[in-house]
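Participant: Chain residues, written in single-letter form:
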Amino acid sequence: MNGAIELDFWDIGFAATIVVGLGILLAYYRLGVTRTLSIASVRLVVQLFAIGYVLKFLFAEGELSYVAIMAVIMLIVASREIMARQKRRLKGWRSFGLGASTLFVSSFAIALFGLLVVVKPDPWYLPQYAIPLLGMIMSNAMSAISLSMDRLTSALHDNRAIIEQRLALGETSREAILPYLRDCIRTGIMPVVNSMATAGIVSLPGMMTGQILAGALPTEAVKYQIIIWFFIAGGVGFGMAAALKLLEMRLFDERQRLRLDRLS
Amino acid sequence: MGSTVWSMIEMTSEMEGLNVQNLSFIEWEHLDLSVAESEVVCLLGDSGSGKSLLLRAIADLIVNEGDVSLWGKGRESFSPPEWRKRVGYLAAEILWWEETVDLHFSKPLSREDLDKLNLPHDAGEWAPSRLSMGERQRLGILRMLDRSPEVLLLDEPTANLDENSSSVVEKMLLDYIGEQSAPTLWVTHSKDQASRQGHRILEMKNQSLTELDRAVLTK
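So the sequence lines, in the order shown, correspond to chains F and P. Going by numbering that gives the first Met the number 0, 100 is the number at position 101 of the first sequence; the sequence numbering is gapless. Going by numbering that gives the first Met the number 0, 167 is the number at position 168 of the second sequence; the sequence numbering is gapless.
Chain F extracted, bound-state conformation (with noise of 0.2 Å):
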């Protein structure tokens, strides 16, 4: 029950000949996507295994200042992923600060929350924990910050005719921008619901995949997989949430006139 079936270098070779195949169909149809292909595959193999040993030596190490570095790392590069994915960003730092303090509020509130009332690993930072779950957590938060704060920017500039009309009615900016708001937290949030809604009929979910390749048993696995979703879909909402009214708060101003000025 100890352990998987251990991969050589032999194995993964012979896995990578799928992708060799298919760089080699999408190259006779001219895709031009081939160089994409072997590019993405390189970087996969090449970060994958650089973390693989950077976990190892934190696993290893098991300090919380080590734990602590890697949250701030993964932190860092997940704000300024979202800050990448703005069509329009807010001018300065702003995309990133607002998306790293949401980020931050919810998946490291959430993560928290899990390690020291709900998994308890002793000590509760223990990395083989702490790491994947404020990883899966942030990484999901990510996605659904970055897309919603894209969405509200672009609506707001795409309607922006409107907004003055409603606003010039005597609407408050809420009011005026309430469906765009709405449509935002719709299309974060409807990913994890679904998924949820199918985790273990359409799909495995992949860390219960993992466990269970790991050797774990399928009842325990789906225990993890359940909390976790909890988690990520608490992670995705609150920081959505929070975003969304941080943005709000920006691209209006003390007399509510809409502040499209802001984005660069």
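Note that these hints are calculated values from the structure, not bench results. Among these hints, one or two may not hold up.
[Claimed, not checked] Non-contacting residues of chain F with respect to chain P, defined by C-beta distances greater than 10 Å in every case (computed):
(1) Thr-33
(2) Val-44
(3) Glu-60
(4) Tyr-65
(5) Glu-80
(6) Leu-115
(7) Glu-163
(8) Leu-168
(9) Arg-185
(10) Asn-193
(11) Trp-228
(12) Lys-244
(13) Arg-256
[Claimed, not checked] With beta-carbon atoms standing in for the labels, derived distance ranges:
(14) F:Ser-153 / P:Glu-81: 29 to 35 Å
(15) F:Arg-79 / P:Trp-96: 32 to 38 Å
(16) P:Ser-207 / F:Asp-157: 31 to 37 Å
(17) P:Lys-204 / F:Thr-186: 43 to 49 Å
(18) P:Asp-31 / F:Ile-75: 50 to 56 Å
(19) P:His-29 / F:Thr-171: 26 to 32 Å
(20) P:Glu-98 / F:Pro-190: 26 to 32 Å
(21) P:Glu-98 / F:Gly-51: 40 to 46 Å
(22) P:Asp-101 / F:Val-201: 41 to 47 Å
[Said to hold, decoys possible] Partial chain P-side listing against chain F, Cβ under 7 Å, derived:
(23) Ala-58
(24) Asp-59
(25) Pro-79
(26) Pro-80
(27) Arg-83
(28) Lys-84
(29) Tyr-88
(30) Ala-90
(31) Trp-96
(32) Leu-113
(33) Lys-115
(34) Leu-144
In this text, all values refer to a predicted model and were calculated from it rather than measured experimentally. For each residue, glycine too, the CB sits at the ideal point set by N, CA and C.
Given the coordinates of chain F, work out where chain P should sit on it, guided by the hints.
Facilitator: Relative to chain F, chain P alone:
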């Protein structure tokens, strides 16, 4: 002594209705303007001269600085929605966003008003996409008046209308202005309309406002 002076100031500004002082926005600076109770001030000027921006600045829809007051009460003492309800701004191009026309109104459209503007009785149930340019414009005027504004800021209210609709719209606006004693700032391209409707005529040129002589205009 101090209180007498204060009450005199209050009295004069009360007579002025809408009072704009030292208004600056974008590249326009220190514009002064006052419109008395029931007065119609027509605003002429080339396109791009900033007429629409002036209206939007007064309605507090764009960033601006300066003292704007209504019946002697400063704009800052109203919440933004409250101010904009009082100061009815009619955009040059009226937009619609709800599924049907009547969802844009706070109360059902009155048959009488629809008749006055030669609009069909069931126009309220229509999808906005079904409206013609002229219908959008006329319904837009009803939509603005629906909020019972105390001041009217009109950006070419008759620009998309034929002669007949244009005159019924003018009449409806003038009736409203008379009934509510509403100070009105009326942007128009037509010198004819300006000299017909305006008690005073201003021109926006080189980022400043000058009063035009009616006699010169009609010559």
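Participant: Would you mind marking each hint as holding or not holding in the structure?
Facilitator: Hint by hint, here is what the structure shows:
1. Thr-33: holds, 45 Å
2. Val-44: holds, 50 Å
3. Glu-60: holds, 54 Å
4. Tyr-65: Since the minimum Cβ distance to chain P is about 48 Å, Tyr-65 of chain F lies beyond 10 Å and the statement holds.
5. Glu-80: Correct as stated: the minimum Cβ-Cβ distance to chain P is 32 Å, above 10 Å.
6. Leu-115: holds, 44 Å
7. Glu-163: Non-interface label fails for Glu-163 of chain F: nearest chain P Cβ at 5 Å, not farther than 10 Å.
8. Leu-168: Label violated. Min Cβ-Cβ 6 Å, cutoff 10 Å.
9. Arg-185: holds, 18 Å
10. Asn-193: Holds, because the least Cβ-Cβ distance between Asn-193 of chain F and chain P comes to about 27 Å, which exceeds 10 Å.
11. Trp-228: holds, 36 Å
12. Lys-244: Lys-244 of chain F clear of chain P: closest Cβ-Cβ about 19 Å, beyond 10 Å.
13. Arg-256: violated, 6 Å
14. F:Ser-153 / P:Glu-81: 29 to 35 Å: holds, 30 Å
15. F:Arg-79 / P:Trp-96: 32 to 38 Å: Once the Cβ atoms are compared, 36 Å apart, the range 32 to 38 Å for Trp-96 of chain P and Arg-79 of chain F holds.
16. P:Ser-207 / F:Asp-157: 31 to 37 Å: Once the Cβ atoms are compared, 34 Å apart, the range 31 to 37 Å for Asp-157 of chain F and Ser-207 of chain P holds.
17. P:Lys-204 / F:Thr-186: 43 to 49 Å: holds, 48 Å
18. P:Asp-31 / F:Ile-75: 50 to 56 Å: Holds - the Cβ-Cβ distance for Asp-31 of chain P and Ile-75 of chain F, about 52 Å, lies within 50 to 56 Å.
19. P:His-29 / F:Thr-171: 26 to 32 Å: holds, 31 Å
20. P:Glu-98 / F:Pro-190: 26 to 32 Å: holds, 28 Å
21. P:Glu-98 / F:Gly-51: 40 to 46 Å: The hinted range 40 to 46 Å is violated for Glu-98 of chain P and Gly-51 of chain F, with Cβ atoms some 55 Å apart.
22. P:Asp-101 / F:Val-201: 41 to 47 Å: Given range 41 to 47 Å: holds, Cβ gap about 43 Å.
23. Ala-58: holds, 6 Å
24. Asp-59: Because about 5 Å separates Asp-59 of chain P from the closest Cβ in chain F, which is inside the 7 Å limit, the hint holds.
25. Pro-79: holds, 4 Å
26. Pro-80: Since chain F brings a Cβ to about 5 Å from Pro-80 of chain P, closer than 7 Å, the hint holds.
27. Arg-83: holds, 5 Å
28. Lys-84: holds, 3 Å
29. Tyr-88: Hint on Tyr-88 of chain P: holds, closest Cβ of chain F at ~4 Å, below 7 Å.
30. Ala-90: Nearest chain F Cβ about 6 Å off; hint holds.
31. Trp-96: Holds: closest Cβ of chain F sits about 5 Å from Trp-96 of chain P, inside 7 Å.
32. Leu-113: violated, 19 Å
33. Lys-115: Lys-115 of chain P check fails; min Cβ-Cβ to chain F is 21 Å, beyond 7 Å.
34. Leu-144: violated, 11 Å
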